[in-house]
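S.K.: Sequence:
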Amino acid sequence: MGSMMANIRLLQENEFDAAIRLADSIFRDDEHRSMRDAYPFVFSPSLRQSYGVFVNNELVAFMGFVPAIIQVGEARLHIYSIGAVCTHPDARGNGYASQLLSSVFAHADAAGASLILVSGKRSLYARAGCYPFGRMKKYTLNQDNIRQIRSFSGDVGIRIREWRATDLFKLVELMRTRTAYYEQSVNDLAALIRAEAFASNVKMQHTLLVAERQGEPVAFVIMATGDKASARTPFIIEWAGEPEATAAILGHAIRAYELPNLDIHVNWFETGLNEVMESIPALSERNSGTVHIVNVEHLCNQLGPYWRARSTAGSDLATMLRDMDDSDRIALLFDPTVGEDGHHSALPIPFPYTVGLNYV
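The letter at position 178 of the sequence shown is residue 178 when you use the working numbering, and the numbering goes up by one with no holes.
Hints in this document: simulated from the structure, not taken from any laboratory. This structure is a prediction, so every number in the text was calculated from the model and none was measured. From the three backbone atoms N, C-alpha and C, an ideal C-beta is built for every residue, glycine too. Accuracy of the hints is not assured; some may be wrong.
Simulated restraints on C-beta separations [to be verified]:
hint: 1; residue 1: R76; residue 2: R122; range: 28 to 34 Å
hint: 2; residue 1: P260; residue 2: R194; range: 26 to 32 Å
hint: 3; residue 1: D323; residue 2: S123; range: 23 to 29 Å
hint: 4; residue 1: N261; residue 2: P67; range: 31 to 37 Å
Please build the complete structure, drawing on both the sequences and the hints.
M.R.: In structure tokens, the structure reads:
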């Protein structure tokens, strides 16, 4: 399997079964669900964005590549996510992953994308200009500290239940109340709830709980849980809605499912839930994975509506970013500790936690 014979290109519709077999052989065992089910958009013949390396017409390496739109206030960022990157054991050592990365970078630029998210932190990605980013708090809740949370526990009007099929429209609308979020249609949301992407990696399943007041959903939480023998702490995949009602769901989940601990990541800009949980100790962490700036002009153009709504200096921000290297750009754009002197009201930009429903 020499690299001289390699052909790197988009997968054709009839080649995704081979990609699924390769990915399952690398990432899955008998207790995992297939990558086909967990990552439907990675292996989507209709999207057809993922790349492969072919030697003698045989797929020997694969890179999942999934487009998405992330809403940041008034701005819409066109982004890609990289995942499910794998090479057949007999084809390793030929630099295929690096060549795939070059191909998807060029593809993203041609598509007008501004950012690429990478779930991995391999040195390959660091060398290619992918950097850690963001800042958030990780809370570990338990039976004791959950009592300290200021929530709607005393509000007799709040009722918590598992979700039902008639909730879908309202869940999509609750998702869109957030400061920053992945754009999702009703079909997207239903498909991703079922897919259990990251949860399936750690052999867990989704549980979706809704808080309603007078029959109207006001918050929801998607939780990943395993069986009681699982060594992994259950964790929150996604949440949206009123902060106090969200906290009430978390408390209910710990009690109703008898969870020793429950982890949740809350972004720096999600001040409502951070305030509700201010009495709970938290770890400061980066967002998950790394980010790559595809094209600074695309990024500035797409961020323009967000900046203009908050500052008259949008063009000044764009000029400043153009004069920086990518490492400094990413720090200024995403890290709230970098601009603490407050000289830019439109920085940093809010960005969703990447280990949500849209995880790749």
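S.K.: Look at each hint and say if it fits the structure.
M.R.: The hints, checked one at a time:
| no. | hint | verdict |
| --- | --- | --- |
| 1 | R76 with R122: 28 to 34 Å | holds (30 Å) |
| 2 | P260 with R194: 26 to 32 Å | holds (27 Å) |
| 3 | D323 with S123: 23 to 29 Å | holds (28 Å) |
| 4 | N261 with P67: 31 to 37 Å | holds (35 Å) |
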